[in-house]
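Generate the whole structure from the sequences, applying the supplied hints.
2 protein chains.
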Amino acid sequence: MPASVNRQILLKSRPEGAPSRDNFALVETPVPTPGEGEVLMRTLFLSLDPYMRGRMSAAKSYAKPAELGQPMVGGTVGEIVASRHPQYREGDIVLGYGGWQEYALSNGRGLRKLDPAAAPVSTALGVLGMPGMTAYVGLLEIGQPRPGETVVVAAASGAVGSVVGQIAKIKGCRAVGIAGGTAKCRFVVEELGFDACIDHHAPDLDRHLEIACPKGIDVYFENVGGAVQRAVWPLLNDFARVPVCGVIAQYNATGPSPGPDTATILRKRLLVRGFIVWDFAAKEADFLRDVGAWVRDGRVKYREDIVDGLEKAPEAFLGLLQGKNFGKMLVRVAR
Amino acid sequence: MPASVNRQILLKSRPEGAPSRDNFALVETPVPTPGEGEVLMRTLFLSLDPYMRGRMSAAKSYAKPAELGQPMVGGTVGEIVASRHPQYREGDIVLGYGGWQEYALSNGRGLRKLDPAAAPVSTALGVLGMPGMTAYVGLLEIGQPRPGETVVVAAASGAVGSVVGQIAKIKGCRAVGIAGGTAKCRFVVEELGFDACIDHHAPDLDRHLEIACPKGIDVYFENVGGAVQRAVWPLLNDFARVPVCGVIAQYNATGPSPGPDTATILRKRLLVRGFIVWDFAAKEADFLRDVGAWVRDGRVKYREDIVDGLEKAPEAFLGLLQGKNFGKMLVRVAR
Chain G
5 MPASVNRQIL
15 LKSRPEGAPS
25 RDNFALVETP
35 VPTPGEGEVL
45 MRTLFLSLDP
55 YMRGRMSAAK
65 SYAKPAELGQ
75 PMVGGTVGEI
85 VASRHPQYRE
95 GDIVLGYGGW
105 QEYALSNGRG
115 LRKLDPAAAP
125 VSTALGVLGM
135 PGMTAYVGLL
145 EIGQPRPGET
155 VVVAAASGAV
165 GSVVGQIAKI
175 KGCRAVGIAG
185 GTAKCRFVVE
195 ELGFDACIDH
205 HAPDLDRHLE
215 IACPKGIDVY
225 FENVGGAVQR
235 AVWPLLNDFA
245 RVPVCGVIAQ
255 YNATGPSPGP
265 DTATILRKRL
275 LVRGFIVWDF
285 AAKEADFLRD
295 VGAWVRDGRV
305 KYREDIVDGL
315 EKAPEAFLGL
325 LQGKNFGKML
335 VRVAR
Chain P
5 MPASVNRQIL
15 LKSRPEGAPS
25 RDNFALVETP
35 VPTPGEGEVL
45 MRTLFLSLDP
55 YMRGRMSAAK
65 SYAKPAELGQ
75 PMVGGTVGEI
85 VASRHPQYRE
95 GDIVLGYGGW
105 QEYALSNGRG
115 LRKLDPAAAP
125 VSTALGVLGM
135 PGMTAYVGLL
145 EIGQPRPGET
155 VVVAAASGAV
165 GSVVGQIAKI
175 KGCRAVGIAG
185 GTAKCRFVVE
195 ELGFDACIDH
205 HAPDLDRHLE
215 IACPKGIDVY
225 FENVGGAVQR
235 AVWPLLNDFA
245 RVPVCGVIAQ
255 YNATGPSPGP
265 DTATILRKRL
275 LVRGFIVWDF
285 AAKEADFLRD
295 VGAWVRDGRV
305 KYREDIVDGL
315 EKAPEAFLGL
325 LQGKNFGKML
335 VRVAR
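Going down the list, the protein sequences come from chains G and P.
Numbering of the first sequence is given in my numbering, commencing with residue 5 and proceeding in unit increments.
Numbering of the second sequence is given in my numbering, commencing with residue 5 and proceeding in unit increments.
Some hints here could point you the wrong way.
One copy or any two copies: either way a pair holds, since identical chains are not told apart in the list.
[To be verified] Cut-off 20 Å, straight-line C-alpha distance, at most; resulting in silico cross-link-like pairs (EDC-like, lysine to aspartate or glutamate):
#1 K173 / E195
#2 K272 / D208
#3 K64 / E214
#4 K64 / D242
#5 K272 / D283
#6 K68 / D242
#7 K64 / D265
#8 K16 / E319
#9 K64 / E42
Since the hints were made in silico from the structure, they are not lab data.
Given the structure is predicted, the values throughout are model-derived calculations rather than measurements.
Spelled out as structure tokens, the structure:
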């Protein structure tokens, strides 16, 4: 039986540079009623992801911006609490795109039923969801790592980076992570099994990275840009591959940020390719099969960073952009 | 019967920034005598190509630099004038890498016999040689143009660019060239059949390029960098491909030159890939078959810019770097 109040977090204004809590507004609205062919979902988990920074801006991007005055967009795991859709029943747990709110309607498009017995349902937003698949397709389809090669990824304790490095290890590569702080670096090496992890808070990132990559870098999974990119670039080997899935260090930049030097791309015969996960939608079944199996047999581990209560979403999101999270960032909206 | 004097042009010094005639020295040495297993080639044509600028520098590159005090390196078409090699006879015409000199020894490695009846032998240095194959593999293997897409290439009247645009037309694309001056642009459109050609000497390159590419740019064959790259970049469509085969505008730069913005690579899901022709050596037979047929049936045309006499090579090469040539740059060293 749904409550009568739907708390929502709206996008109130668009940030110039770094976003702040003032860009969001918490409001209470009536819980909507599903029409014919619709379901009402009660949000259990809301996923917070770096790409949301892009949606806050009006600038042209690969997806249209979130609308001002509307709930912020985002992936959710929810429970069907009312259904007028033939394929869904009350009590079903679904992956959807409900946004930053406690209840959301859906016409069923884009929903996927989850089996709570197969894996904790929150993993559908992380290791077995969009972030895990981003790692899987970016590394394997673009990075094409070969045994013995060196793979470097930043945000290595995060939802994407942690999977990149662990798949690299499964494929016989040397995996080198970059993360913020001693605790994260220890986790990346001791729990996730990376060969090395460099703390980007420590001085001399360039030198530590060089030491950690004695045979150079063959795949740089680009998800941060900025100082890490600048440290990686000189170490790339000939024919290195650079899947570009994010540039979190540059999301808040108000001007353009220089990228790789064209002469170096030529000289080293580099491949640099931007992608979003849905460019490889056809690989979803492969991803669920492979990473599902690796999670079950313990070869791929994951860590979640969960805050409780929808009202915590803005603060948690702003922290995510600053690397304050430790693992896949989730908001537990309801139990 | 060979002459007794072998004129050579040596690399005397390495340039800082733009090269000059002072970097070269013309010397006369005795014509060498082939040892067992060697041939002596008399150079008929010497190819001048932008990549040679890279060889003049000591900087790390995909090939080792030319040696100071030695003849500059370069592709040649020559006639065997003395042979102690079982596979070559006097009178054979061969493609080789004889360098900037009138006579060169070879142990046969890397030589390829040419059939003067099949095509003018000079084409083995141009449309049916390294430049033509650079266009072929870069456009087809990396650019992967689809019918109806727009392909842009600079130096469009040159050895590589002219072939890029003509193959783009064969593949059903809109071909837009960029060239220096009215005469070249007219040639590119009227003779080579490009849909448009923009004179980069004229003001407002950006606007003219935008007008010439009403549906944006899907493949940018990068062979110049600099101002053309900056004009192209904002017009690239999502999923555009950028094969990078040269950055002639940057060869003389003494510092790094900024390349594509990483955030744009991500947002547009671009593929940027550096290559040299021999990365695709396995495609040589396909290239000779396809482009050979297109040249024979007139679908691919070519133009040569020939200067007479080895002593003209430095001046012609410096002109090439400034875009003064009109067509594939060759030195006719002997008739």
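Outcome of the hint check:
no. : hint        : verdict
1   : K173 / E195 : within (13 Å within a copy, 55 Å between copies)
2   : K272 / D208 : neither (25 Å within a copy, 33 Å between copies)
3   : K64 / E214  : between (36 Å within a copy, 18 Å between copies)
4   : K64 / D242  : between (33 Å within a copy, 11 Å between copies)
5   : K272 / D283 : between (26 Å within a copy, 11 Å between copies)
6   : K68 / D242  : between (37 Å within a copy, 14 Å between copies)
7   : K64 / D265  : between (24 Å within a copy, 15 Å between copies)
8   : K16 / E319  : within (15 Å within a copy, 65 Å between copies)
9   : K64 / E42   : neither (31 Å within a copy, 62 Å between copies)
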